[in-house]
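A.B. asks: Line by line, the protein sequences are chains H and Z.
Residues 1 to 206, numbered by full-length UniProt numbering, are exactly what the first sequence covers, in order.
Residues 1 to 349, numbered by full-length UniProt numbering, are exactly what the second sequence covers, in order.
Where hints are given, some of them may not hold.
To be verified - Derived SDA-like pairs (lysine to any residue); straight-line CA-CA distance at most 20 Å: (1) K127(H) to G110(H); (2) K73(H) to P169(Z); (3) K179(H) to G170(Z); (4) K250(Z) to A194(H); (5) K210(Z) to T97(Z); (6) K289(Z) to A200(H); (7) K129(Z) to E142(Z); (8) K181(H) to P169(Z); (9) K250(Z) to M190(H); (10) K191(Z) to M17(H); (11) K289(Z) to K179(H); (12) K289(Z) to D97(H); (13) K179(H) to Y191(H); (14) K73(H) to V25(H).
No lab work stands behind these hints: they were computed from the structure.
What you are looking at is a predicted structure, and each value in this text was computed from that prediction instead of being measured.
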Amino acid sequence: MYTIDTKGHLCPEPLIMASNGLKEVKEGEKVLIISDNETSYQNLMSFLTDLGANPVASKKGYEYHIEATKPAKSSPQAENNPEQYCSVPGGAAPATDYVVVARSSRMGEGDPELGDLLVRGYLNALKGMDHLPTYIIMYNGGVKLSLEGTDTALALGELEDKGVSIIVCGTCVDYYKVKDKVSVGRISNMYQIATILAEAGHVVYL
Amino acid sequence: MDSEDFDLLSTVEYGGCSAKLPPGELAGILAKLPPINDPNLLVDIETHDDAGVYKLNDETALIFTTDFFPPICSDPYEFGEIAATNALSDVYAMGGTPLLALNLLMFSSAKMPLSVFERILRGGYDKVKEAGALMVGGHTIEDHPPKYGLAVVGTIHPEKLITNAAAQPGDILILTKPLGVGILVAAQRLKIVREEAYREVLNQMKLLNKTARDIMVKHGVKCATDVTGFGLLGHALKMADASGVSLAIKSRDLPVVSQAEQLAYDGCIPGAAFRNLNFVQPSLHVAQKVEPHLKMVATDAQTSGGLLICVPAEKAQRVLNELKSLPGLQNSAIIGEVLPKTRKAIYLE
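Chain H on its own, in the form it takes in the complex (with noise of 0.2 Å):
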């Protein structure tokens, strides 16, 4: 495996070592970094894992052995836009980015009682899915899904650590009065929430 000793050298040195080091093998090769200091292992797993290199680690008496794979190169899509390609976790997640919309306080029409338990049990599954909605989107009553003491706001803000970005309409906080009861999320503006649908891969309705 193509090896990268970064021993006896400071930060960010070790890290320019595994990046020009990722250059030298092809997409998908595995290289090997050696570090022999805790600060610098630290830096570089970070500084992996934003890149998309899957490090693994591992510690051979005083160094850590870090396996990272050179991530896949963009793809035609992602060539325009250099910004998703970048940010894929793992490099490896499914392609299609999607945004989940709550446009009430509940999932589909019919029975409002059955409508409260859905969302619930929709916010609880999308908790344990592997591919995550980029946004979730709460206007009009969905904003109610966010506000303090409710089951639905600690489920969006366990999905939010997840690297789910949670929008809440502010225009709807506002009419509503509940601006401060807000608990999760950025209180946004209709401008983003446009252009964050007329970007998205596809977009699920609630």
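Once you've looked at the hints, dock chain Z against the given chain H.
C.D. replies: Chain Z alone, transformed into the frame defined by chain H:
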């Protein structure tokens, strides 16, 4: 050897504000000190603001601050200028006027020529003079590597005080100097940066935040902070917590010094940026479309960085235009907005 040949950067591993203690650990230690309650103390350490502020009477409050660090550049005179500019900045960030300064110098006469000592002090003296303050003394002890900075007293009208605790939802965030100072200094040590790009950073670090302060005072700004060792996101977090708000910051709108983006992309990210990231991480949400190297630019430790200013939306464009017309502040930019407080303090988009 005289000061012309002596490379100050050769004395240190981490220079400038990169040398700060990890912010999380510092907060933990400070929290153990007994709180101070005095009706005249307008700003204390509780809000992690830039300086302490003490009201003398209805007309005048004292702003009291200090900052010092190991070398950030090779030339002793420039190091003196930068360290002094950085120390004076805390007074400007609060809207004040520097009045008196004291030198704080740690220096080993056995390891370095005395002419270096003299050049560092001269650089500091000249900046204090430029700020319109008086250098009234100081203190020197033997130590290596060298460290230099100032203790500064400034004044302000108590009702015109600018703090980091007055951000209002709806305010627009403006940053006056580009980010990436830590990245470029690290690159300079590795000799992988163009001379003119590094020069640009040195000049930026020597630029007093005085003119930006004048614009803030003119427009009645209430909330600002200066961006230094904890990086943009570290200081933004302190502002968000002190003000009881959340902040949205647009990664693509951040002003960045020449070459810093490419360097960060290629892995030239100093350890301090990762320390700062660890500190803000629990309070930070990063949208998936944010390019990772820009996240690291946003946590890069700045030395003598710019002001992060909150401006009511209707005034934002005018304030920005006035800032951009000032020498050295042409890269000032709107970088985000203040939001009502939710569970994350910072949304990086």
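A.B. asks: Indicate, hint by hint, whether the structure satisfies it.
C.D. replies: Going down the list of hints, with the structure as the test:
no., hint, verdict
1, K127(H) to G110(H), "25 Å, violated"
2, K73(H) to P169(Z), "41 Å, violated"
3, K179(H) to G170(Z), "13 Å, holds"
4, K250(Z) to A194(H), "17 Å, holds"
5, K210(Z) to T97(Z), "8 Å, holds"
6, K289(Z) to A200(H), "11 Å, holds"
7, K129(Z) to E142(Z), "26 Å, violated"
8, K181(H) to P169(Z), "14 Å, holds"
9, K250(Z) to M190(H), "16 Å, holds"
10, K191(Z) to M17(H), "15 Å, holds"
11, K289(Z) to K179(H), "26 Å, violated"
12, K289(Z) to D97(H), "11 Å, holds"
13, K179(H) to Y191(H), "19 Å, holds"
14, K73(H) to V25(H), "12 Å, holds"
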